[in-house]
Amino acid sequence: MSGRRTVVTGLGVIACNGIGVDEFWRANREGRSGISAIDAFDTTGFASTIGGQVRGFDPARYMPADTAKRVDRFVHFGLACADMALADSRLNVAAEDTERIGVIIGSGLGGLLFHEEQMVAAFDRGLHRINPSSVPRISPNAVASQIGIRYGFKGPNLVISTACASGANAIGEAFRKIQHGEVDLCLTGGVEAPLTPFNFAAYCSMRILSKNNGQPAEASRPFDATRDGFVMGEGGAVLVLEEREHALRRGAPILAEVLGYASNSGAHHMVIPDAQGTDGARVMASALRDAGLSRVDYINAHATSTKANDAAETKAIKLVFGADAHHIPVSSTKSMIGHALGAAGAIEAVACVQALREQFIPPTINLTHPDPECDLDYVALHGRAAKIKTILSNSFGFGNCNVALVFAAPH
Amino acid sequence: MTNQEIEQKVKEILSKKLDVEPGKIALETRLAEDLGVDSFGAVELMFEIEEAFGLKIPDSEIEHVRRVGDIVTYLQGWLEKQPKA
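Top to bottom, those sequences are chains A and B. Residue numbers are given in numbering that gives the first Met the number 0: position 41 of the first sequence equals residue 40, and the series is strictly consecutive. Residue numbers are given in numbering that gives the first Met the number 0: position 25 of the second sequence equals residue 24, and the series is strictly consecutive.
In case anyone wonders, no lab produced these hints; they're calculated from the structure. Be aware that one or more of the hints could be misleading.
[Said to hold, decoys possible] As a list, the in silico DSS-like pairs of lysine-lysine whose alpha-carbon atoms are at most 30 Å apart: (1) B:K15 - B:K55; (2) A:K210 - A:K306; (3) B:K55 - B:K80; (4) B:K55 - A:K210; (5) B:K16 - A:K210; (6) B:K55 - A:K306; (7) A:K388 - A:K314; (8) A:K386 - A:K314; (9) A:K210 - A:K314; (10) B:K16 - A:K306; (11) A:K306 - A:K317; (12) B:K83 - B:K23; (13) A:K210 - B:K23; (14) B:K83 - B:K55; (15) A:K386 - A:K317.
A quick note: this is a predicted structure, and the numbers were derived from the prediction, not measured.
The task is simple: from the sequences and hints, build the whole structure.
In structure tokens, the structure reads:
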């Protein structure tokens, strides 16, 4: 590892169980679900009708009204989270060399909502009536570009799209860019606004969403024997990552350190994870090696609440830690917020930083029927105070994209 | 549609989707072991059968399908329950 260390100096988050770090963390601490019946569109006839829909979010609170009107919902999430994160890190942009500030955001799907609206318009009114702003609104990199434009950040600006690993992948790449000296500060994270009619129907037809429509708050139940699929969520998170000396010089709040990162591919199937957990184990082991650790105090699991993922991830954790796996608390914040696809890894990174700051492990709610295949300490039902210096966070995406991040308390 | 016609149609769908000669598909042929259909392949296959026969197959049924004959039996049962024209 090079001499340049990377710290987290600001957080911004939007999830279905809380907007802003304080509200989000309180909900996670208390084990409060944000899953509800979707009313963003008509779900009549859909096999699944529930999701982690973000409510009470007013984009105009975080960006000029003119911008709010001209971007897709996934960019609303990105701009709002960036605004919160920058305020949290107390960055005086005017005093910075903006060519040394990057923006790297993850998004699996880009501007779907506007895309779908325009497709409907195309069928209704003809292809000559397409909105001229379609291209810049739909493009996945709109989110990083809009953040760059808003604050004048002129360093590397990119979007990483690795399905459900996007957010974690983005954070990892931002970490590397700081470590390697390419930038001194980077806004990074992930956003997703996938609760749109076509996209939701497409996931329904894959038969991987929970159909526990009668009990939305209990539908996302990672590691539980009765789990029946994941619950799709939306939202985003942005972290300010900063080279440690740079942060110390400007007196920035140092919330945590990024210690390690790895990504790999299972190279085996577009949607089926490796049942033996070997790819997941490999990426966790690489991230630990990168961090110079052999063990961590807590694992924030990918844990989607699908039969396949949770069993394979449990195997992967055992492959890495052996008998010690039973002594490391593992939890799934997706039990409360569902699976926000490309935003998930970034939202979970915020949960990890908060867990380090507050020395508290958020619970896996709804775990009431233990699954013999999932036999680790999942911090079931109630969160717990614990001494935590290091955390491993997993993110696995369709296409066999695997990412692991290691966070540490400031030291 | 007779039982034989259902069986024929299912075999045709399988043969086309999996590039297997129709003669090599029997009722006792196993989807996973003999034809290499994985869990997602099964979801795709059921979609094609739904399209061809015009029905919705619940997830619980997919979990029980092991052999070609299981699909045929399910479709026969479904057809018997349809109101006769």
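Taking the hints in turn, this is what the structure says about them:
Taking the CA atoms of K15 of chain B and K55 of chain B, the gap is about 21 Å. The hint holds against a cut of 30 Å. Only pairs whose Cα atoms come within 30 Å are accepted, and K210 of chain A paired with K306 of chain A is accepted, the gap being roughly 14 Å. Proposed proximity of K55 of chain B and K80 of chain B is supported: the alpha carbons are some 14 Å apart, at most 30 Å. For the hint linking K55 of chain B to K210 of chain A, the alpha-carbon distance of about 15 Å falls within 30 Å, and the restraint holds.
A C-alpha spacing of about 28 Å is found between K16 of chain B and K210 of chain A, which places the hinted pair at or below 30 Å, so the restraint holds. Pair hint K55 of chain B plus K306 of chain A holds up; C-alpha atoms about 22 Å apart against a cutoff of 30 Å. Distance restraint check for K388 of chain A and K314 of chain A: the Cα-Cα separation of roughly 24 Å lies within the 30 Å cut-off, and the hinted pair is therefore satisfied. With a C-alpha separation of about 25 Å, the suggested pair K386 of chain A and K314 of chain A falls inside the 30 Å cut-off, and the hint holds.
Taken as a hint, the K210 of chain A and K314 of chain A pair is honoured in the structure, with Cα atoms around 26 Å apart against an allowance of 30 Å. For the hint pairing K16 of chain B with K306 of chain A, the CA-to-CA distance comes to about 26 Å; that is within 30 Å, so the pair holds. Proposed proximity of K306 of chain A and K317 of chain A is supported: the alpha carbons are some 17 Å apart, at most 30 Å. For the proposed pair K83 of chain B and K23 of chain B, the alpha carbon gap of about 33 Å is over 30 Å, so the pair is violated.
Restraint check: the Cα-Cα separation between K210 of chain A and K23 of chain B comes to about 37 Å, which exceeds 30 Å; the hinted pair is violated. For the hint linking K83 of chain B to K55 of chain B, the alpha-carbon distance of about 19 Å falls within 30 Å, and the restraint holds. The straight-line distance between the Cα atoms of K386 of chain A and K317 of chain A is roughly 22 Å, inside the 30 Å bound, and the hint therefore holds.
In summary, the numbered hints that this structure violates are 12 and 13.
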